[in-house]
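What follows is the residue order along each chain.
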Amino acid sequence: MAAAVQKKICMLGGFSVGKTSLVKRFVASVFSETYLTTVGVKIDKKTVELSDRVVNLILWDLAGEDDISSLRMSYLRGAAGYVLVADGTRPSTLEVALSLRRRVEAEFGALPFVLLLNKNDLQEQWAIGDGEVENLRRDGWWVRSTSARTGEGVEDAFGALAERVAR
Amino acid sequence: MEGLPATVAEQLQALIYSDRAVAYLQVDAELNLVAAGGHLAAYGLSGVHLGEPAAEQAFFLEGLLPPVETPFSVPSVELASGRVADLYFLLDEEAWWVVLLDVSAERDSARRMQQKAYDMTLAQEREVLLNRRLEAANAALIAARRELEASHDALADAHAQVQAQAAELAAWNKTLEERVAAQLTEIERMSRLKRFFAPALAELIVSSGNERILESHRRDIAVLFCDLRGFTAFAESAEPEEVMALLHGYHAALVPLIQEFGGTLDRFVGDGLMVYFNDPLPCPNPAERAVSLAIAMRDAVAALAQNWRRHDYHLGFGIGIAQGFATLGQIGFEGRFDYSAIGTVINTAARLCEVAKDGQILVTSRIATAAAEMADISEIGPLTFKGLRRPLAVSNVETLKVPETSEVA
Chain A
10 MAAAVQKKIC MLGGFSVGKT SLVKRFVASV FSETYLTTVG VKIDKKTVEL
60 SDRVVNLILW DLAGEDDISS LRMSYLRGAA GYVLVADGTR PSTLEVALSL
110 RRRVEAEFGA LPFVLLLNKN DLQEQWAIGD GEVENLRRDG WWVRSTSART
160 GEGVEDAFGA LAERVAR
Chain B
5 MEGLPATVAE QLQALIYSDR AVAYLQVDAE LNLVAAGGHL AAYGLSGVHL
55 GEPAAEQAFF LEGLLPPVET PFSVPSVELA SGRVADLYFL LDEEAWWVVL
105 LDVSAERDSA RRMQQKAYDM TLAQEREVLL NRRLEAANAA LIAARRELEA
155 SHDALADAHA QVQAQAAELA AWNKTLEERV AAQLTEIERM SRLKRFFAPA
205 LAELIVSSGN ERILESHRRD IAVLFCDLRG FTAFAESAEP EEVMALLHGY
255 HAALVPLIQE FGGTLDRFVG DGLMVYFNDP LPCPNPAERA VSLAIAMRDA
305 VAALAQNWRR HDYHLGFGIG IAQGFATLGQ IGFEGRFDYS AIGTVINTAA
355 RLCEVAKDGQ ILVTSRIATA AAEMADISEI GPLTFKGLRR PLAVSNVETL
405 KVPETSEVA
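Chains as they are written, first to last, in this note's numbering: chain A, 10 to 176; chain B, 5 to 413.
No lab work stands behind these hints: they were computed from the structure.
If you're wondering where the values come from, they're calculated on a predicted model, not measured in any experiment.
Be a bit skeptical, because a hint or two may be false.
What the hints assert, rightly or not - Only some residues are given here: those of chain B computed to face chain A with a beta carbon under 8 Å: (1) Glu60; (2) Leu68; (3) Pro79; (4) Glu82; (5) Ala84; (6) Ala114; (7) Arg115; (8) Gln118; (9) Gln119; (10) Glu129.
In this text, a Cβ means the ideal position worked out from N, Cα and C, and glycines have one as well.
Please put together the full structure from these sequences, using the hints given.
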């Protein structure tokens with residue numbers, strides 16, 4: 010197996026979409042019902058074993074911003090990829106994710122990313138249409154449905170992104 | 005620290021160093037760690053090794069080295085140790101410096117404020133969402149209510165329609181009942197009339213709608229009485245079934261003849277029949293018709309008698325005919341009416357029948373005169389009858405005259 014590589018991944022999305030919870034679920038396999046907003050950035054590390062190599066993902070969990078102009082681009086410097094997170098029960102957060110992606114791409118060019126539609130355990134409150142998601146997929150987006158509460162889709166989504174940034 | 009007295013500057017440096025837990029790392033051009041110092045433990049960096057890659061030991065540096073510009077800072081970075089630091093990247097001639105200043109307290113303070121703001125925003129979002137759901141539920145309720153009202157209207161329409169149909173049906177029913185009642189009345193009238201008159205005559209009376217014809221009135225009629233000779237003795241000796249069977253055949257033979265000749269059957273009395281002509285509807289030549297019927301009856305009974313004799317029934321048949329005025333009309337009371345004739349002419353005909361021998365058709369002189377051209381009639385002479393003041397000239401009708409035919413030369 011090749012030597013471990015280290016890649017910086019940024020978590021981006023509106024506030025309260027579950028970025029910190031996804032990182033906690035991925036890194037420590039835990040979930041907390043208490044919402045604690047992130048200010049600035051919180052950095053964690055998670056080692057992922059791929060089929061042919063080991064990747065150390067350095068996860069930059071950025072503060073959620075609905076006003077994308079407030080995003081500190083300095084946090085994204087040196088990122089190998091990013092995770093866009095939207096809350097499936099709040100359609101406005103998908104709009105925020107799409108805007109963030111445009112801003113990042115304008116600043117840093119095309120980086121590997123995955124869009125996570127989080128909180129899929131709240132199906133009764135789900136508010137994002139299948140048609141909208143299908144359109145994104147047709148445009149070549151990687152879209153995954155996840156739940157930080159149950160862990161559904163989390164490991165797969167980070168693993169898939171690790172594969173792409175480690176190429 | 006230009007402008008500050010040396011003591012103040014020195015104290016200030018000491019204060020910042022202590023209060024902000026200042027730590028530093030120095031990285032060379034190969035991105036290896038070449039120096040480290042300050043409050044490294046506060047940031048979880050106490051175990052770093054000089055001469056080894058910096059980003060592998062301080063992984064928050066991943067992607068940031070070498071800095072594309074200096075000075076460069078990354079604010080409010082929470083490290084794995086839990087400390088929050090502002091990172092400063094500085095450059096001197098030989099290497100890059102990374103300085104960490106603790107801002108945990110500031111971050112916590114900012115977070116408290118941010119938390120409140122976000123909590124409020126989330127609450128507002130939830131409220132908006134809830135309002136939308138309430139509005140949707142309200143709209144659904146209004147739609148359901150409208151649908152219900154429409155259904156109610158449709159139901160009321162249907163109810164009104166059903167009621168209208170029921171009323172129409174009731175009206176039809178009433179009409180039908182009236183028609184049935186009218187037809188029943190007609191059938192009753194018909195059946196009543198058929199007892200007295202030939203069926204065709206009964207229908208004529210009914211269709212004319214003039215039943216005044218049945219009211220009491222006087223009219224000149226020809227009356228025919230007939231009965232069997234020796235019937236009383238036969239009835240005493242024979243079984244009732246035999247008597248009834250014989251009467252049935254006798255009536256079956258005679259009644260159609262009465263109808264055929266247009267007579268009015270007044271009544272049956274055992275083997276006796278009373279028939280008259282010219283009432284209730286007038287007819288021409290009542291006497292001749294009566295004589296013709298009498299001859300036909302005599303022939304019919306003669307045919308029956310041949311069969312009776314084979315059963316050893318010895319019965320004769322006599323007829324009496326008279327003509328005169330009689331009073332006719334319905335007699336009886338509600339529930340039992342009969343149409344009948346009363347008068348001397350009835351008694352006369354009855355007496356003539358009584359005295360007639362088997363095969364005789366005894367008639368008064370008036371009948372004999374009226375039928376003289378159609379039948380051979382022989383005078384018998386004056387006879388005295390009980391209940392009649394004067395003797396009566398009586399004749400017997402022998403046979404119908406054979407129409408004269410002219411010989412062909």
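Okay, the hints, checked on the actual structure:
1. Glu60: Since the shortest Cβ distance to chain A is 7 Å, the answer is holds.
2. Leu68: holds (5 Å)
3. Pro79: holds (6 Å)
4. Glu82: OK, holds: B/Glu82 within 8 Å of chain A, min 4 Å.
5. Ala84: This interface hint holds because 7 Å falls under the 8 Å limit.
6. Ala114: holds (5 Å)
7. Arg115: holds (4 Å)
8. Gln118: Cβ of B/Gln118 sits 5 Å from chain A, so the hint holds.
9. Gln119: holds (5 Å)
10. Glu129: holds (7 Å)
The earlier numbered hints are all upheld by this structure, with none contradicted.
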